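Engineer: Okay, here's what each chain looks like letter by letter:
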Amino acid sequence: MKVGISRELLAVEWMPELIKRLGQLAPEIEWVHDPAAQIHPQLLLDGDACYPFKKMVRTSLSLLSEVEVLILPRIVSLDGFLMCPNFRALPDIVKINKERTERNRGVPLVSPVMEVSAQNHLEALSREVFKALFKNDARDHEPQLPDNKTEAKGLSGRDITNSIALIGHPYVLTDSRLNNDVPDILRINGFDTVTAQEIAFHQLTELAESRDYYAKKLYWRSARETLGAFLYFNEIQRPAGIIHLVPFNCGVDALLRIELMALHKRLNNATPYMVIICDEHTQRDHVVTRVEAFLDIVHGIKIN
Amino acid sequence: MASKSTEIFLGIDVGSVSVKMVALDTEALEMINFLYVRTHGDPFSSLRMVMKRLAENRPHPVVQAAATTGSGRTLAARLINTEIIKNEITTHTLAGVKIMPEVRTIVEIGGQDSKIIIIRDGMAVDFAMNTVCAAGTGSFLDQQSGRLEIAVEDMGNIALSSDNPATISGRCTVFAETDMVHKQQIGIPTNDIVAGLCRSLVRNYLASVAKGKAITAPVVFQGGVAANKGIVREFQEQTGFEFHVSPYYGVAGAYGAALLASMIKDKQPEFRGFELLDRQHDIKSFACRKCEEACSVLMLYRDGKLISFWNDRCGRYSSGELTFNS
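One line per chain: the protein sequences are A and B, in this order.
Per the numbering used here, the very first residue in the first sequence carries number 2; after that it's consecutive.
Per the numbering used here, the very first residue in the second sequence carries number 2; after that it's consecutive.
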């Protein structure tokens, strides 16, 4: 059975574990993450969404013509912290747009609510998806807890002094279309990259706790991840610089951008820091100029 | 200006609206020549004109090292044959620090770009540039001066003659123009409209480009818009700081590039800028299909012979690994 999950969602934590567990329950699943051809329909209701969200919708719609079933979880919260509300709407937006086109209207969507913070939640979710995929399947799986989630290995012991840390939403950090190719531009300029994805979330959220001084706790998962990573790369292991990749000035991203800039000013001897609003650049050269100027700051270019 | 020396360091800034050139004496690093030429959408021809004017100097200048900057820096570097290519933030930093070593903030407003650079101990530590919005840049002032039928060079003095600047929206050029048309329609004097425009553009700069950056004195103001005294007055009134207009404000990027050229100790490739005058140069392009990026790879031909590639993201052509035929 050919089952689709869009490539962008693979960057979301717990998704690789879900795929792995489903693979154990049904080894015959053939996964498709990248459509052979992208379709570009005029989307309904995409006007106010960010580019990453639109890309997820388009990838999902493109996958429909290549799979028998599309899995599109309604991701509400991970590790006890809320995801962007757009993730809750994603299955609905894909469904609405699917129904508008004759082609692929019959391909089913499997959209379970995803609220995972422990192995037993993942097991329940995996079984729910399995049942939806194989409705009349009589296979009787022994109840078991999935393998422990593969924690990020961390960076201790690794020399990151010649690396630039990239922080932001994981799906932005891993997708060259969404991150304006910043990792590649850095590589061309002789710098490696490290990301928050290499640090365990529990460590990031512990660091973020030190800044839980708002009227409410900072309850968005990606905000805790980004704030924790910013603090990690300033206080625990120092790279040559930090670049914060923001899709656009939306909600918590806008708040966090200002917060991190203010925090950066207050830190003594802070790691050089720059924000790139990905949606504000239409040409690669604009991004190259900013990255090169940032690297000149890192190098400390001074007139003789 | 007459040349004191035949040997020069050359800086070239190919911007969106103009090409700037600065020649420095190699011994004292004094500016012995500078030029500002409008591109009118054709940076290649503008660069050729700059080379022509430079070549007319007597004695004929010998370029010891050259550097390029600005949005057309890569193209310019290929045409004159230099490997010193630097972003405009760094070159403006070098220029600002050179004229005022204690500078802490550089404000630069050019044809389509505007920047703020925060300096500590002679080094840039932070910066910001405008992105999708060119409100408040030189090209918008150009456009509005044309519409008001006044010379852009006169806008500053006209603004200074007003004691009652009109209220103009600075958030977006479209809104600003709409407001200006409205003010004209109800009879507001032109000098008040121009002064209001200066006020709104500075407000826009401070709210969008300088957002979150702490402006501290001394401040150096660079870029073509620094010629506008109305803008300078507004910056000073809205920030409370004195804005020192760089003596080289119009060519500051090129000045910084020339200073950078003087700092590079490695042996430089032979300068070929003057060959733009008497040899045939053509630029062609093709869409590479080696990967999904489909780069528009550019090729420079000199007298019909292919001599250089650029704009290939992977670098396979510019490094010589692949050729056009492969």
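If you're looking for bench data, these hints aren't it; they were derived computationally from the structure.
Quantities reported herein were computed from a predicted structural model and do not represent experimental measurements.
Wrong hints could be hidden among the right ones.
Claimed, not checked - Which residues of chain A face chain B? A partial, calculated answer using Cβ under 10 Å:
#: 1; residue: Y274
#: 2; residue: V276
#: 3; residue: D297
For every residue, glycine included, the Cβ atom is placed at its ideal position computed from N, Cα and C.
Engineer: Against this structure, judge whether each hint is valid.
Structural biologist: Okay, the hints, checked on the actual structure:
no.	hint	verdict
1	Y274	holds (8 Å)
2	V276	holds (9 Å)
3	D297	holds (5 Å)
When held up to the earlier numbered hints, the structure conflicts with none and fits them all.
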